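Participant: The chain contents come next:
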Amino acid sequence: MAEGEAEWELSKENIQPLREGRRIGALQQALSQQDGSSHTTVQQQKQAFECELRMYTGDDPLDVWDRYIKWTQQVYPQGGKESNLLVLLERAVIAFANEKRYHNDSRYVNLWLKHGENITEPLEIYNYMHRHGIGVQLAAFYIAWSEEFEKHGNFKKADGIYQQGVSCGAEPADKLHQYHKEFQARVSRQVMAGMRESEQEEESLEPTQPQRSSLVDLKPRGKKTAFAPVVRTGATVSYQKRGLSFQLPAAAHSGHNSRVMVFDENQGAAVENCEPKTEQWTAPPTGRAKENEIMPEKWTNVKIPQKFGSSVVPPSAKPTFQPFVEECDQPPAVTPCKINPAVNTVLSARKPSKEESALELLQQQHAEEQPKEQSMYCKELLFRGATEFCFEELRAERYYKKVSRELEEKTAKLKAFKEDLKKQVEAKQKLLHEHSSQMDACHEVIPPVEGHPVQQVVECLPEAAAPLPVSPFNVYDENEGAASAGSNLTAPNEGLPLDKEVDNTVNGPATKVMPFTIFCDSDTSEQSQERVSIAATSKPPTCRSLNTILKPIVESVPKPEIDTLERMKPISEDSILGSYRNKTLCPSPEHTHDFVRAVHLASTPFSASQGERDFSDSDGNLSALPPFTAVSVQTPAVKQEDYEMALHGVNQLSPIQEVSQENGQCSSSSSSLDGTSCVKIMHLTHQSEPDTPELIHIAAEQTAQAFLSETEMENPSSADSRRRALEKLDLDAFPNFFRKAEPLPTVMEGEVLFEGDETIVIFSKIASGENYSVYLGKTNINENVVVKVDHESVPWDFYIHVQLRNRLGLDSHKYFGRKSSCFLYKDGCITLHWGHHWGTLQDFLARSTLPQVASLVLELLELVQQMHSCHLLHGDIRPGTLHVCYRETCGSEDSVLKVLDFSHSLDLDLQPVVISTVSLPGIQTLLEQGVLLSTSSPYQVDLLGIAETVYMMLKRKKMKLVKKEAEWRLDDDLEISGTHDAVWQDFFKKILNAESASSVLTELQELLKNNFNDCIDDQLTSVIWLP
Amino acid sequence: MTGSNEFKLNQGPEDSISAVKFSPSTAQFLLVSSWDSTVRLFDVSGNSLRTKYQHLAPVLDCAFYDPTHAWSGGLDMQLKMHDLNTGQDTVVGSHDDTIRCVEYCPEVNVMVTGSWDRSVRLWDPRTPCNAGTFSQPDKVYTLSVAGDRLIVGTAGRRVLVWDLRNMGYVQQRRESSLKYQTRCIRAFPNKQGYVLSSIEGRVAVEYLDPSLEVQKKKYAFKCHRLKENGIEQVYPVNAISFHSVHNTFATGGSDGFVNIWDPFNKKRLCQFHRYPTSIASLAFSNDGSTLAIASSYMQEQGDISHPEDAIFIRQVTDAETKPKST
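These protein sequences, in sequence, are chains Z and Y.
Start counting the first sequence at 1; every next residue gets the next number (the UniProt record's numbering).
Start counting the second sequence at 1; every next residue gets the next number (the UniProt record's numbering).
Just chain Y, with the same shape it has in the complex (with noise of 0.2 Å):
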């Protein structure tokens, strides 16, 4: 199934993986946090693991801060910061609930968390301490960075832009442009706009312009979907990753496939073979040359058997992830 452009990750985690995220500086680092409570690093090139640490609870989300420092956040309520040197761990603070979600903001120089209760918190990467904690209307679902613009997915499928520079008050209260609950959403590389995927397979690309000629060119469209005996099943759209440079971008659903988009034209680029099951994160390297697609089970439905989790590393052309000029 693998074939030359494409490798298995050894020494994966042992239970789902709950994202991954490549080094700011270089494709060969894959930071991987898991739901056995551990995050890892990897060594891509080598296909090794060079080190990993622990949580006391399954870790949701990870994030490089810098080359060298690891943030994670999970279960545990705590937010960790990690010295991938000296493997020295600092607990940075913690949020009331699962913190479901973390992010570096270059632009602001901050880390901010997500969590399920109801706030966003900003942390001071340098000493490192907490810089703000801003309630939300809901659970964090999901956020994403934009320049110094910071976009908060919720339940409820509200949509909120955030100022990181003056985090005053919201910027931009929006609902969710799709009828189901938002699963994730990515800021374009270029800070216009973002992408939002929702829980019944459809992916919605909107503009933080609030002029109306920019909100035209706003659209949603439907994918992984499968019809089977003439129904069609819908999954769930879990994961986005951009490509730094093109500006296109890969979805992952639980239906284990991963299309690129071109969001410009309105293309679909390509569709990846099926993974043996759902596709929980996607990374793009800082270059744009690799793909980290992360096929692990995430108990959509239930608590059953399903095929083992792992990391697929992907290595991928410009005839993948590069608009087709018209």
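In isolation and in its complexed conformation, chain Z is listed as follows (with noise of 0.2 Å):
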């Protein structure tokens, strides 16, 4: 506050004085934002009154002018060129000088001495006005008018023009007369004061003692410089009267020089008539009479020639000739503005065109007989205001105002349909007052729920939605909606006799509330159905109004009813109360990490799946469940979008893809995106067989994966989905990595290989897949490595052992190796895993036994355990992908178990939407035998897998399972060590039947140390051996 007072403290001289005073905030704000040419809010507020001028539509245009010019006014406290203060005014007068039923509007007369202010020659702006009628009914025009005479000190004119007003019935005429009065008491001040002063000057021929009156502006002495008189009285003292004319210190003075005798207007004036001459004015006096004007020169050179004596001659009383107007040939209507002609004058070719004013405009209006041009444009809309607009900018207005008288409607009929509603709840709520007393009954007997009514608030549920999506404004809320539908549902009964009402208002104010979870909810089903059962066999003799209702229900409803209901269950559970309820929205709700994506996933913006948009489209069609909803209860919503662009995949095939010139630069341009199925597949298709007819290839990859996607049967370890997994990373930032161009290198037994700085001597093949083989190998500084050669160019491998490192830091070498490389090929890769291996558990398991089971399955436990603790799967845990390891060499505190194989992995975080585990192996037989169901969590496979193993270990045969008592258990009794049997039966129990992997596993590791302690340390490494 006190900073903006400042400001204007320190800015007074740049403040035009107003008549009615300026607005102290909007000053401040004017003044504090002088400096940038951004003005960002004023602007706004300006194109908002220039689209209004133009777009105003009411009968009161000047209204908006007014406006505007206050505005202007208070905006631009400097005045100034910017504020187009000029420009405005002299557009509103024109603008309505035809219209009569503005002349005597104060406004508008305001406007025209407003502009009067503002121009050189007033005088004949107040002359156009009187001829023309304007304002000759409002005492300000006088007043103006006299006070611009009085200012040229013409003080007879002046009167004359107030006595005018006063004759004209000029209104206010108080204000007028008041005004007359103090012009009279000026004047007459004003010729006592000279009256007086002739006095003193005589008496001060006498040499009396003057005096210096203060305020006195002083003659100043020296002819180059000029300083303040030492003597600051009589000679010395300029006699400029203020608020009078500065005409009549010549006659005050006429005493001092008397023989030189000048020419008083006055005089000659005198023999004139008061009354303003009324001459033929074609048009409002110029503002600025340019003819008339000196050009700027050297004044030192003009000389004034002095003529004494009676030279100077009255003038003859008054010139009768007409004002000169100019005549111009083409309409005025260049926007102003201001270009710096010094940076470039060469560039400004068009001469400036002449200024044409408001006058001149308005004898053009008079003069205007038969154009030769005619603008084929809304000439006068674009360029009525002070700045000019294009065709676009009105046509946005227009557009703008469609826009928001569409929405005014909407509102005013939601607002009506919400009135009405209110007014139906009231009486509802009314009757149910009036009847509660004498119902008392109604309380335990639920009204019945009709197919009819619950069937149609259903229906309307889309309907009332529909304007939200539409509408940006938010006009319709919750409460409303919830009251119509609650209403609906009483409103087709309202015809029906009063005894049925009450039952209906009874249900009346649950339904307002909760509107919608009544026909969800299994409760009022049954209710219902207990309703029509206690109505059909027990009539209550207790209220007998009641009877008459139920009857025609009992009579014809119950069975369809009941149909109708069942029928609606699944629908509103699914799609009214939202569908996502039962979406298993995190594959480990357990886990925090998945928990916190879920809620991301859940409050993110959901794109209407097809199963809802059945649900809508079909609403007259409610039996039909929507045939994807069983589909999408499983898929987490992320996956929604791909799956919705893989169903429309053929429409969004790329628009312009066909074209085969073009193809290179679409490929190009997908990959430079993180991309969506569709077009990555058509990528890689690209690449991969470029020779092939595109278009049929693509619409068959289209097809099958529109299929897959369809069936959601696609396969989350697929070559494909992981390859689309990986293109999101960059996989060249990982340490290790190295990418080929070559085609992969044979790998064979007994053969050396060349990998990098690497040879690696190859001496037996450990295990081998579908698509990879596993090699073990030693490198020429004789260090054992793994290799895996893998025949699809995805080092998924590799990205699962960088992600566990990353993710589990120094813990992962425990478990998982030290160290790993991975070349890519352009059809494979190869991935090598450092360490001192000895092979897979499978050869060890063949060659030798096991005292000491429990210590790996000990670290078996705890190895995945730290893999699902990370979002990883391993889904493929068997004696065959498990690695066995030196001790002795690997120091204490590494496992003698590892995991090197990671064909079958997944990484839960990358791929969140791994739902369907049935691509992995040995799943299928899983399934079938119903150990597995396709919904459960994705880490109950690798638990089964542990179970296999330590059945492997402990029996050297395959496990087989049987059902008993709804739990899982081993076919056959476990008898292997006697002493522990009971141990590894509940271990089998418990992993087997598991609720949740991860509790498991830290039980299971707590059992297994609670029984085996005494056995399980260091004792290993005497178990492990060379064989």
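What the hints contain is simulated information worked out from the structure, not anything from laboratory work.
Source: prediction; values computed, not measured.
Label-pair restraints from in silico Cβ distances:
| no. | chain 1 | residue 1 | chain 2 | residue 2 | range |
| --- | --- | --- | --- | --- | --- |
| 1 | Y | Tyr169 | Z | Leu731 | 43 to 51 Å |
| 2 | Z | Gly58 | Y | Pro307 | 30 to 38 Å |
| 3 | Z | Asp59 | Y | Thr133 | 38 to 46 Å |
| 4 | Z | Lys728 | Y | Pro307 | 49 to 57 Å |
| 5 | Z | Pro17 | Y | Thr133 | 34 to 42 Å |
| 6 | Z | Asn806 | Y | Leu56 | 38 to 46 Å |
| 7 | Y | Gly46 | Z | Lys765 | 51 to 59 Å |
| 8 | Z | Pro17 | Y | Asp15 | 45 to 53 Å |
| 9 | Z | Lys151 | Y | Tyr169 | 41 to 49 Å |
| 10 | Z | Ala26 | Y | Leu56 | 27 to 35 Å |
| 11 | Y | Leu56 | Z | Gln44 | 13 to 21 Å |
| 12 | Z | Glu751 | Y | Ser48 | 54 to 62 Å |
Counterexamples of contact, computed for chain Z against chain Y with all Cβ distances above 10 Å:
| no. | residue |
| --- | --- |
| 13 | Ser32 |
| 14 | Glu99 |
| 15 | Arg405 |
| 16 | Thr411 |
| 17 | Lys728 |
| 18 | Lys765 |
| 19 | Lys960 |
| 20 | Gln985 |
| 21 | Lys990 |
We put the CB at the ideal spot given by N, CA and C, even for glycine.
Now that you have both chains on their own, put them together as the hints suggest.
Facilitator: If you want it as structure tokens, here you go:
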């Protein structure tokens, strides 16, 4: 505040005074914003006014102008060109010059008077106004006119103007009178003062002590540099009277040089009629009389001819010529603009146009006979305000208006609807209130829920919700919706007998609060069934009135009604209550990480799934359960997008891609984006098979992809989906990752492999799978190394290994090896794991017996738990994929068991959409057996893998499972050592019937530690030997 | 009315057309923005609609960044980038008011937008992100790119020439040599100058080189005027498009005529038949073989009934577009 005040204190000289005063707020704002050209709010407001000027359709267009001009005065306290005030005033007065109804409107007259204040010859303006009857009924006009004469010292005329005003009956009369009186007082004071002065001067001929008068101008002394005289009385005082004319001093001082006859205009004017002459004005006088202006020149060279005596001849009474008005051949509509000619004079070729004033413009309007040219556009609209508009701006305004009008209509409609409903609800409540006292019994009796109204509510839902997405404003609130739904329920029964109404109103309040729950709540259906049965079997004798209502239902409805409710149940649960309730948004809700991610998923805006749309489309056909609901229930929201995309894949096929010449660009552009499935696939096919006819190929791929997605069978461990997942990552950023352009080298037992700096002698093939084989080798510096050769060019193993290292830190060394590197070839990849490997567990088991299974199992459990803790899934735990290392050389920290083969692993962070684990090996049989459900957590796959492996270790044969008493058990009773059989039984019972993977793993570890604590320890070292 | 060398596009926009632009690589694809809030991609050779995408409000201009990416902006103030391959929409950024023009400058690899918020903004199309905001003296009505120079036409008949490589200051400030509002500015493909059209039936040919000699060559001429009952009706000249090879240009006015001009010999090369309503936008294909003509009423005379909006595709010959050698 203080600052603002300071601001205004500092720049008083920049503020033009306003008759009506200035708002301090606007003033401060204007002053504080002086610096930049970015007065955005001011510009916006200005733009709004400009728009309003053009778009105004009401019956008082002057109002907009008036407000605009007043606003401009407030916002631009300095005036100046940028305010465009003069232009605005000029345009405003011209715009309504022919509007008779405004001629005595004080606002319009004020605009004229303001215009008059801003030009050099306001008297002409007043003459024009008088001639055209503008403001002749208003006192303000006469006051302004008279003051102008007074300024010129023409008191007689000024007085005449007042008299004329009075005689014309200008309003308000008392104001005019007051001003007139004040004027007369001023004049008489002036005359008196003049008389006294002349008396004094006569007296002052006698040497009297001259007196200094305060606050008077002094005549400066000195020729070159002026300074104030020492003596400040008498002649040195410059007699310039303020407030009154400057011609007066001449008369007042006539005593000094009485010999010089000074012409007094008043004398000449005295002969004249006081009445202002009404000339034949064709136009209001110009603001700037250019032809009369003297060009600036050197004043020192100018000599004024001095003539004494009666050389000054009083001019003839008054020139009778018509004011000259320039003729213009072009209608001026050019927006004024300021171009600095100093920058590039040569570029401004067009001669600056003649300045046109309001008067000239008006004159043209009068003189307009037959225009030779006609502009074929709404010129007056474009150039109406102070700034110009283009067609598009006008159109945009129309568009905005239309939009807001539509919105208003919609709001009004909704409001009416709401009020209507409110009334209905009130009526119902009233009825309820009236009857509640009489019908106490009704509390116990829940009214029958008829299929019809329920259905209607469901139907009305999409309808009621429809305006929501369209209207950007939040007009519709939930309570309204609720109210509407609630009362809609009761609405159809309005015409029914009073008794029936009671029932409905009992139901009313409940439905009003929670309109939707009633339909999906299974209680309701049960209750209603109960109700019906009650009604059917035992007609309550207490409620005589109810009987009559229930009768028709009892007779005809019961069966179909139950039907309806049953049919509706799934829909209402899935769709009305929110179809996401049942969705497993996170793979494992126990993990906070998953849960947090799921929250994010749930809060992301959801594009309606196919199932939902089906529902809304078929609101009439409610019984049809959306065919996709079952699928979408299991599908996390993220997947939905891909899924939809794939579904409509053919439509969304790039509209320009089919053109072969652009293919290169297409693929490059698509690879720059983090991709969506369709395009990626196309991209890949381009790469691999550039010569095949693309169109067909793409289409085939598309449909295949669409089919895959549709059935939700997409294999998360398929090479394609992995590739896609990995494409989001910058693999090259990982250490020890190398890309090679060559094809995969052949790897054979007993051969030497050159990888980067390493030379590896391949010893033996230790495992193989569908697309890969694992070899054991030795480097040239005698390090053991596991070589995994993958025939898919997806460095998945390496990726998982890197992830393990990243997510677990140093812990990962214990179970997953210390070092790995990867070489990606054109058609495959080779992953190397360093470590003291011996071979797979499978081989180990084949060659030796294990005295200490428990230790290994403990390691296995911990290993799997570690993987799970960082959202990685092994997916294929079996003796064939587990590796055994030498303990002696590994250091005591490292485990004997290691996992180096991640062929079937899944990264649930990278691929959060893994739902179906169907693809994992061995799962099919488990699924068939029912050990694993398609919906169970993917982590359970690993649990079963552990069970299988442990069983293998214990019994050296495949595990068989049976279901007994809703629990999975081993087919045989474990008889191994005898002492720990019970423990192992317990172990298998827990692991096979696990609810949650993570908790079970901890539990099992506890179990084993407690029972084998004596033998689990360092003895393992002795167990492992080199065969 | 339409001969063998001309046809009307099917499935055109449902409201007025604001801009038509050909793909930089082929005459097959035409991008069309419209007041119906859509941007459409047409396959001209197949006369079919390939794709379209939505804005929140009418779209005033669109441009190709490369053959696969369309940029557009309009009354919703948002600048959108649309991947024509994937159908992916990206809102790159926004202005404080309606976006009036969108152009691509291949020399500097930058997208340029002009807005009624009195600014020009540059956008890096690779990231994509805003690469600078440059305030203009008034609302931007039109802009064009000549090599690495940007010519901006604003309200108040101002013309500003910027150097896109150095946007620190305005290279040239000019006043339009025409007396009335600037409707359209298009740069010569040879980057020597530009053509400016005004709202009152006039076109000016101007040169960028400020030297006196070159400036002497500039001129202006009247066009798109019809005489009716002794009154000359003056129409706005809304659209200009250059033939990339011959440096001749076509102008389209609200009178529904399209004229092709030879700026070097100061001759009109040809005039096509009168189209049903105002010519809102024109576009020569990159090879100059095809001219897209958007005949669409722009509410110049208010919101009144008018002939149907349509896009015509016309095959043009050298006879129509090549300067006559004297």
